[in-house]
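Each step along the sequence shown adds one to the number in the working numbering, with nothing skipped, and position 87 is 87.
Honestly, the hints are just simulated from the structure, not real lab data.
Do not rely on the hints blindly, as some may be mistaken.
[As the list claims (entries may be wrong)] Subject to a maximum C-alpha distance of 27 Å in a straight line, what follows is the list of computed DSSO-like cross-link-like pairs (lysine-lysine):
1) K127 / K79
2) K47 / K85
3) K47 / K127
4) K63 / K114
5) K97 / K125
6) K92 / K47
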Amino acid sequence: MRVRYVLSEVLTGLWRNVTMTVAMIITMTVSLGMLGASLLLFFQVGKMEDFFYQRVEVSVFLKADVTDDQRNAIESALKGNGLVKSYEHETKDAAWKRFQEQFKDAPDLVAATKQESLPESYRIKLKDPSKVQDFGDQIRSQDGVSDVIDQKQLLKRVFDLLGALQTLALTVAIVQGVAALLLVANTIQVAAYSKRREVAVMKLVGASNWFIQMPFVLEAVFAGLIGAILAFGGLVAAKIFFIDGSLKALANVLLPVDWSNIWVMLPVLCGAGGLVSAVTAWVTLRFYVRV
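Assemble the whole structure, with the sequences as input and the hints as a guide.
Next up, the structure:
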């Protein structure tokens with residue numbers, strides 16, 4: 001009987017303040033969606049760092065007019081360099097074929113790239129990746145060398161940018177979360193005020209505080225859970241239509257987002273939305289609303 005009463009009071013309270021309930025759900029959806037996106041970005045950046053840093057190389061690009069003698073001298077220098085673990089020579093034709101294969105899902109990019117714009121190069125793995133500067137100073141002195149690129153430095157810039165985006169997403173999620181909590185607190189106050197007479201009668205007949213407060217807390221939990229489910233749906237839609245859709249051509253660069261990470265977000269978002277909403281409602285009732 002008590003459970004039925006509490007549930008009926010929850011439904012009544014939600015319907016009585018339907019406008020504020022919808023606003024609360026929307027705000028929770030946005031804040032939890034941003035939280036889920038920032039967590040997925042965190043997982044993805046870590047995955048990308050592990051994947052690419054294990055494959056990091058030093059690229060030695062040759063000039064367009066490099067001669068056979070210069071090329072042979074560069075190769076001899078690489079063979080005799082104690083810092084070099086292994087190296088691979090990539091001709092212009094090989095570079096073009098690799099580019100076409102890498103970006104076969106992006107035909108517009110392939111069509112806009114000229115074959116002669118991809119230079120001949122050597123791809124080198126060093127015994128000690130921290131010695132890139134020493135290796136670069138040595139190999140740059142060779143005739144025919146156009147540039148020496150440390151891929152790790154390029155990757156570091158990319159990951160710094162991704163880290164900044166992650167921080168931005170988390171900051172927006174926190175701001176939205178604070179707004180959602182304030183809205184939850186305000187909704188609970190309004191709901192409690194609108195039922196002040198019923199609450200007074202219940203206290204006169206000896207109802208406990210938890211029994212009186214439970215419907216208000218469950219209203220907040222309901223809004224938090226609905227917001228979490230909608231936020232999770234948004235992440236699933238982004239995975240299907242955005243990550244696996246319009247960004248599919250960049251899967252070799254960005255790496256695919258695992259479905260396992262997506263599914264983990266459901267209990268995380270539901271737990272965060274429900275728990276935080278419940279605590280906010282309880283604190284509001286405990287300190288600001290006399291029930």
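A quick look at each hint next to the structure:
1. Proposed proximity of K127 and K79 is supported: the alpha carbons are some 13 Å apart, at most 27 Å.
2. Of the supplied pair hints, the one linking K47 and K85 holds, its CA atoms being roughly 25 Å apart against a limit of 27 Å.
3. Using a Cα cut-off of 27 Å, the hinted pair K47 and K127 holds, with the two alpha carbons roughly 24 Å apart.
4. Proximity of K63 to K114 is assessed by CA-CA distance (about 16 Å); at most 27 Å being required, the pair is judged to hold.
5. At most 27 Å may separate the alpha-carbon atoms for a hinted pair to count; K97 and K125 meet this at roughly 22 Å.
6. At roughly 31 Å between alpha-carbon atoms, K92 and K47 are farther apart than 27 Å, so this suggested pair is violated.
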